[in-house]
Amino acid sequence: MTETTVSPERPLVVEEGEEQRGFIGQSVPRKEDKRLVQGEGVFFDDVKRHEMGFVHFARSPYAHARIKSVDVSKALELDGVYGTLTGDEVAILTDPFFELSTPPGANIKDYALAVGKVRHVGDPVAAVVARTRELARDAAELVEVDYEPLPVLLDGEEALKDEVVLHDDAASNTVWSGIFDWGDFDAALAEADHVVRIERLHFDRFSSTPLECSGCLVEYNRGTGQWTIHGTHQMPGVGAIWMAPALRVGIDKLRFVSQDIGGGFGNKITLHPQFTACCLLARKLNRPVQWTEWRTDQHTANTHGNERTFLDVTVPVKADGTMLGFSVRAIDDCGAFPRYEPLGCIIWAQVTPGCYRWRNVRVDFTQVCTNKSPVAPNRGYSRMQHLWLTERIVDIVANELGLDPVEVRKRNYVKQDEFPYETPNGCVYDSGDYARCLDIALELIGYETIEDRRREAESRGKLLGIGIGSTLDSGTNNFGQSMILNPELQFSGNNEVATVKLDIFGEIVVTLGTVPQGQSHETTTAQVVADILGCSPDDVNVRAGHDTYWNSHAGFSGTYASQFAVTGLGAVKGAADKLAGEMKLLASAVFGCSPDDIELAEGHARIKGNPEAALPFMALGAILNANNAGLPPDLDISLNVRYVYRPPFEKPDLERKFGNLTLTYATQIHACVVEVDPETGVYEIVDYAAVDDCGKRIHPQIVEGQVHGATAHALGAATHEIFTYDEEGNLLTPNFYDYHVPHALDMPPMRTGYVESESPFTPLGAKGMGEGGGAGIHAMCAALQNALGRRGEGPIVSRSCNPYHRVWELLQNPSESRKLVTVESR
Amino acid sequence: MKVTGERAFQAPRATVWEVLNDPSRLAKTMPGVESFDIHDDKRWSAHVKIPLGLGGLRMSIDFEKTDEREPEFAKLHAKGNGVGAIMNMDTSFNLSEAGDGTNMQWEADVHILGPVASMGQRVLQPIVSQQVSHVLAALDAQVREASAAGASSEGV
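Protein chains in written order, with our numbering: chain A, 1 to 826; chain B, 1 to 156.
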């Protein structure tokens, strides 16, 4: 069941004689749906080439081992096998990928295939190309690798001891470490009436798995030395920064193409090793090659979300429930390679105090490697883990001090009249109304009757609990934050590109730099362009997908970090505004009037107040492109404009680790009601509400779709999804047989609501909002804790994922988890 | 995965020792053995098909005796390669006299790697336990057969 509390303010159909109020804000039909629903989407695996070969990777069965030899001869003997690639070849033909970290992480050598050592189960040691996918898979089984097994390291805290070291070149498992200290934590501690200490919290390893696994079809042009990569990379500009130097070519030699991509969620940001291997194979074999990742490969050896342990959490609290900040030691486990890392060591700082007015924060952050799959930015990247910490702090403090979780939130939330609000580390929360969002969420779940329902549930032998999750979806990165980790990096700001042109028959054609994976960019782009040019979204042709050849991309192009509504549509708006200006100039030249006298409406450029004097867009396109003799020589227009949107960012203060790390902050307040069977630990979500404030909503239905999807990912992470390894580093949840992601039928009854606090910093007042599902994890943990015992009693929920067996364990031995928390009252 | 056990044989220790150190007899105790090659008295190899799901898991296994103290102790290392699985096993046994019979204490440390290992111990443990019980039953039969052969030759 899904209910929306407030209907869209604007009608979907404008009746004759009614004023057209613009398409922004309306749930117009999605442009993408027709082809997708009819099965006419084009995903990379739909792209075929004559004489192409299929790639399959031979992968390590060991979590940690030295490679003594690799013998591909038996694979090559099979009829239909075109060739192979080994780590030894890769080490000769390429350089290690660029590392973002300072030492020790900077010294790690990461190649397209394992060189010298394997460091996680599934680490690719060789690649085989064959006539069919099945043959390639069979041939990969014939690759003989002689391994010398090494001790396995699977625990982040153990990794700190460096008794077993994954990367000999780094001589340490630590990738990056640093201390963040803002405000005056010691003074806050001295001022506190209570100090709550939490010994340990652990955010489990999971992944927001996309429907489509990864892959690519790679062609190599021997004449130009250029590779064309039809693939699923969701941030190819950055992918090229890794791949081109490794392949020892310029970035112009890599052309990325995609039309439709079946979800990304960050998993598809670190595909450079696999894509580089395919580039080498296409060149070596002089034939197109296609790699399609199997689900087991994706789970075992692509990417997971960051796993993080929080130790020694200390929270100073005033008698009235005001929290003054916190300190914590965080250990982040990034798996075998820090491919996008150590960016996760700073990204969390975008939301340092969460939704709260906490001014004193000290974080000792260390990231380590272990013999598990590498990680990548996973929906809510790094902020999700940190916000789970802030929400656990609030609920554990409330529980231990006997405070009301609603009241304590409202007391500590940043207030509506405090925006724009600068956090202790210099981030600026642009707008919001957290308390109002919470009120709506509570109303949607019927909070006023919750105690009656609790008693009613108890009469049925069930434990009922309510939980709240308050999160921020920080969007539009300032890449300058990477310099806080490594001052040598030359990245800052952000950018995105769009082109808009008026073609000869009046067609409006838009290309985007973004690489959509299901976020409806074609639809929302058409809404923005239509409003600016005065036409219908149906008249706006938005090219599907991405192509380097369109020249409509910049260094940070892509779809990630909740930013399309700001950077993508900011670029679209900039380009459309420029085109509108050129169209008015052209019309004014034709009519012999001032451009200020021209308006664009109903597909025409017309003189204001004189609708009869109107040129259809077709005429404008035709005049400039095909009938331009006699136009004024100084009319400097092309009707084909390219616009680069750059958000207003400064470089951060590296010494203080201080600055505005991201531009917008969408709010998500979720509330959850669970019923637990105390005999078995089995529970059911009986009520759920999600309230989102992402500023101006360009397309309410698309926003709601993102809310549903992100919530499903969060509830999966909260209830079932854990990447579990055995003691030898075998992944025990390698595919959907063992790793359950929520289906539609698994979703609880869900109500949604919204608030629109427009951002003062963005071109349309909108904020990115795709990654806000973390609130669901927090709400579930809080609801379970509330159900199992209240007011200083009952177990402490200290893990982010709580399958039934963990709840049963908490019920069986509540005192064990209670040892994690102590309270010092003065 | 560690498995240990104890087994009593109604046969003298020398007979049990002989069976346990005769590769050709040992081959008859192995589950799903399809071929067997003896390289020398310390090294032999086998192709087996272990019942596991549809079709079973085919594996080639190399055995090497790494330690022995006749007639009471021997240690064996086995390394198997198959499609989707690698097995490493270290096993050892102690034989002690128990009246007319022999008592065997044994242990094995089995490591399964590769996609098969992802099924996890909860699935693999019962399979290993079942195979171990088959091996021990077959070993019992081999000891009885050797014992009977010894008795008949003594009779001649």
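Misleading hints may appear alongside valid ones.
Straight line, CA to CA, 20 Å or less: simulated EDC-like cross-link-like pairs of lysine to aspartate or glutamate [unchecked claim]:
1) B/LYS2 - A/ASP439
2) A/LYS415 - A/ASP439
3) B/LYS79 - A/ASP439
4) A/LYS68 - B/GLU107
A partial selection of chain B residues facing chain A, derived with a Cβ cut-off under 10 Å [what the hints assert, rightly or not]:
5) VAL3
6) THR4
7) LEU76
8) ASN81
9) GLY84
10) ALA85
11) ILE86
12) ASN88
13) MET89
14) LEU113
15) GLY114
16) PRO115
17) ALA117
18) SER118
19) MET119
Sample of chain B residues lacking proximity to chain A, with all beta carbon distances greater than 10 Å (derived) [as the list claims (entries may be wrong)]:
20) ALA8
21) ILE38
22) HIS39
23) PHE93
24) HIS111
25) ALA146
FYI, nobody ran anything at the bench for these hints, they're computed from the structure. Yeah, the Cβ is synthetic: ideal placement off N, Cα and C, and Gly gets one too.
**Message:** The output says B/HIS111 does not contact chain A. Does that hold with a beta carbon cutoff of 10 Å?
**Reply:** 6 Å, violated
**Item:** Residue hint B/GLY114, partner chain A, criterion CB-CB below 10 Å
**Value:** 4 Å, holds
**Request:** Take a quick look at whether B/LYS79 and A/ASP439 sit within 20 Å of each other, Cα to Cα.
**Result:** This hinted pair is violated, its Cα atoms lying about 63 Å apart.
**Message:** Interface hint check: B/ASN88, Cβ to nearest Cβ on chain A, cutoff 10 Å. Holds or violated?
**Reply:** 8 Å, holds
**Prompt:** Is it correct that the beta-carbon of B/ILE38 has no partner in chain A closer than or equal to 10 Å?
**Reply:** 23 Å, holds
**Item:** Cut-off 10 Å, beta-carbon criterion: hint that B/ASN81 touches chain A
**Value:** Because about 8 Å separates B/ASN81 from the closest Cβ in chain A, which is inside the 10 Å limit, the hint holds.
**Request:** Take the C-alpha atoms of A/LYS415 and A/ASP439, compute the straight-line distance between them, and say whether it is at most 20 Å.
**Result:** Holds - the C-alpha atoms of A/ASP439 and A/LYS415 are around 14 Å apart, at most 20 Å.
**Message:** Checking hints one by one. Is B/LEU113 an interface residue toward chain A, by the C-beta closer than 10 Å rule?
**Reply:** 4 Å, holds
**Asked** For the hint on B/SER118, does the least C-beta distance to chain A fall short of 10 Å?
**Response** Hint on B/SER118: holds, closest Cβ of chain A at ~4 Å, below 10 Å.
**Message:** Would the hint on B/ALA85 be counted as holding, given a Cβ-Cβ threshold of 10 Å to chain A?
**Reply:** 8 Å, holds
**Message:** Verify this label for me: B/HIS39 is non-interface relative to chain A, using a Cβ-Cβ cutoff of 10 Å.
**Reply:** About 18 Å separates B/HIS39 from the closest Cβ of chain A, which puts it past 10 Å; holds.
**Prompt:** Beyond 10 Å from every Cβ of chain A: is that where the Cβ of B/ALA8 lies?
**Reply:** Correct as stated: the minimum Cβ-Cβ distance to chain A is 33 Å, above 10 Å.
Figure legend: structure checked against the earlier numbered hints; hints not met, in rising order: 1, 3, 4, 5, 6, 7, 13 and 24.
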